[in-house]
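Engineer: So the protein lines, in turn, are chains A and B. First residue of the first sequence? That's 1 in our numbering, and the numbers climb one at a time after it. First residue of the second sequence? That's 1 in our numbering, and the numbers climb one at a time after it.
Just so you know, the hints here were simulated from the structure itself, not pulled from any lab data. From the three backbone atoms N, C-alpha and C, an ideal C-beta is built for every residue, glycine too. Honestly, I wouldn't trust all of these hints.
Unchecked claim - In silico DSS-like links for lysine-lysine, alpha-carbon gap of 27 Å or less:
no., chain 1, residue 1, chain 2, residue 2
1, A, LYS41, B, LYS17
2, B, LYS69, A, LYS41
3, B, LYS40, B, LYS3
4, B, LYS55, A, LYS22
5, A, LYS51, A, LYS41
6, B, LYS29, A, LYS51
7, A, LYS22, A, LYS57
8, A, LYS24, B, LYS40
9, A, LYS51, B, LYS104
10, A, LYS22, B, LYS3
11, B, LYS40, A, LYS41
12, B, LYS55, A, LYS24
13, B, LYS69, B, LYS55
14, B, LYS17, B, LYS40
15, B, LYS104, A, LYS57
16, B, LYS3, A, LYS57
17, A, LYS41, A, LYS22
18, B, LYS40, B, LYS55
19, B, LYS55, A, LYS57
20, A, LYS57, A, LYS41
Claimed, not checked - Covered by chain B, according to a simulated footprint, are these stretches of chain A (three or more residues, beta-carbon under 8 Å):
no., stretch
21, 25-36
22, 47-61
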Amino acid sequence: MTFDAEGSLWVVGGGQCRRAQKAKYEGEFFPAPLPEGSSGKLLLEFFQTDKETGRAKGIVAIDLRELES
Amino acid sequence: MIKNEREYRITRSQAQKFRVTLAHLRGEKRPNNVPPQLWKAQRAGLVSQLHDLEKELRDYELLRSGQPKVLELDSIEQLPQALIQGRIAAGLTQDQLAARLGLKPQQIQRYEATDYQTASFSRIRAVVRALGLRVRESVELAQKSGSVGQRRSGRGRTRKRAA
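Chain B extracted, bound-state conformation (with noise of 0.2 Å):
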């Protein structure tokens, strides 16, 4: 996931060397030593990395165009990058959400790139709020019967709003 314009600039920068290298392929002449399976599978990684790096900038673009309203998550653990595509959706740089919330720069930089692992639920209440973000949440509940730690971790379903 792209999460800032460097990396964004970087990654357009990385897909237009496969397309560059992808075009010098289509003329190269497969030498007699390699087999033909392994010619076309070289082809096929770099194609498929390529759409890999053209989804990335896709994504990004259309976040920061600010055209999705809602992020639709499946779990909790997807939150913290529902955080970053709220920031860059809002139109925010790192620096300016750190502004907001009082922050050195490298503070958000470090929270961004470790996902929020080291985050406190107080801080993270405060990204929400300085993002203008809404979330509600369902919590699916465990049954009676069965214990916690039988369930799946993925199965409650949380949603996610941009104010």
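Looking at chain A on its own, in the form it has when it is part of the complex (with noise of 0.2 Å):
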């Protein structure tokens, strides 16, 4: 799995190019090359708050860098 891939369809096309990959992969990627860099925080914390309740909740994390290996 390569993110240059997938980043470059950031880059290029922004909204457009987010429902299509949401389309063809039923998910999103975010890329934040420093997880403890201030957007992996940032993406992080917002994707574990509930936004009904503004609580916590729980997430499936899973180290990319892992699967490669």
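The task is to assemble the complex, starting from two chains supplied on their own in separate frames and drawing on the hints.
Structural biologist: Shown next as structure tokens:
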């Protein structure tokens, strides 16, 4: 799995490519090259927050770097 | 779709965090071990998600302002969302709508959380009445030569008007 190919989707097309990505893979990539960086922390917190209650919810984390090996 | 003031506050707070992070990223230098494409993709992803959040906020604010008078639907599948939008446009909370129907507030919360999947037709009619909505629908009939199953389910056009 390469991030670059998915990353190029983001860079080239914005919202339209997000929809194409979601339609094809039934999911979306939000690349955060440094999980401990500001965007990594933001995305983790964002997806762990229940929009209806504001409380934290459980999510399944898969470390893609481990999948590659 | 934002359904109530609490979700509105949570979404507004999330959007602000995205803005702060994006501002922070602008000042950050790309680490040597991160490809430029990926670095750009990270920012584009955050911008795109922020746009989604801002659109949700704008849509909710517009509904709350009472400006839209008519909601155009493409199919009956969109009716549950229109009921929620109708409540927001009427300036009613979930609790207030529940009170009008003589129901517990949790019942309306459940209906809206599940897009009215478990509501009976008579209950949906009661909600429409309680919200003061006028719903006008047109149903496209199946042609004699084809079976109903061959038609796309979303073909029927539904129009809904708020009184």
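Engineer: Can you confirm whether the C-alpha distance between A/LYS57 and A/LYS41 stays at or below 27 Å?
Structural biologist: holds (15 Å)
Engineer: Between the alpha carbons of B/LYS40 and A/LYS41, is the straight-line distance 27 Å or under?
Structural biologist: holds (17 Å)
Engineer: Take the stretch 25-36 of chain A, compare each residue's beta carbon with every beta carbon of chain B, and decide whether three or more fall closer than 8 Å.
Structural biologist: holds (count 6)
Engineer: Does the stretch 47-61 of chain A contain three or more residues whose Cβ lies closer than 8 Å to a Cβ of chain B?
Structural biologist: holds (count 5)
Engineer: Tell me if the straight-line CA distance from B/LYS69 to A/LYS41 falls inside 27 Å.
Structural biologist: This hinted pair is violated, its Cα atoms lying about 41 Å apart.
Engineer: Does A/LYS57 sit within 27 Å of B/LYS55, going by the straight-line distance between their CA atoms?
Structural biologist: The given pair, whose Cα atoms are some 24 Å apart, holds under the 27 Å limit.
Engineer: Between B/LYS69 and B/LYS55, is the straight-line Cα distance small enough, at 27 Å or below?
Structural biologist: holds (19 Å)
Engineer: Straight-line Cα separation of A/LYS51 and A/LYS41 no greater than 27 Å?
Structural biologist: Since the Cα atoms of A/LYS51 and A/LYS41 sit roughly 17 Å apart, the hinted pair holds (cutoff 27 Å).
Engineer: Taking 27 Å as the top limit, are the C-alpha atoms of A/LYS22 and B/LYS3 close enough?
Structural biologist: Roughly 24 Å between the alpha carbons, so the hint for A/LYS22 and B/LYS3 holds.
Engineer: Decide if the proposed pair is consistent with the structure: A/LYS22 and A/LYS57, CA atoms, cutoff 27 Å inclusive.
Structural biologist: holds (22 Å)
Engineer: Hinted pair, alpha-carbon criterion (27 Å max): A/LYS51, B/LYS104. Please report holds or violated.
Structural biologist: holds (22 Å)
Engineer: Take a quick look at whether B/LYS17 and B/LYS40 sit within 27 Å of each other, Cα to Cα.
Structural biologist: holds (19 Å)
Consistency note: the structure conflicts with the earlier hints numbered 2, 3 and 6.
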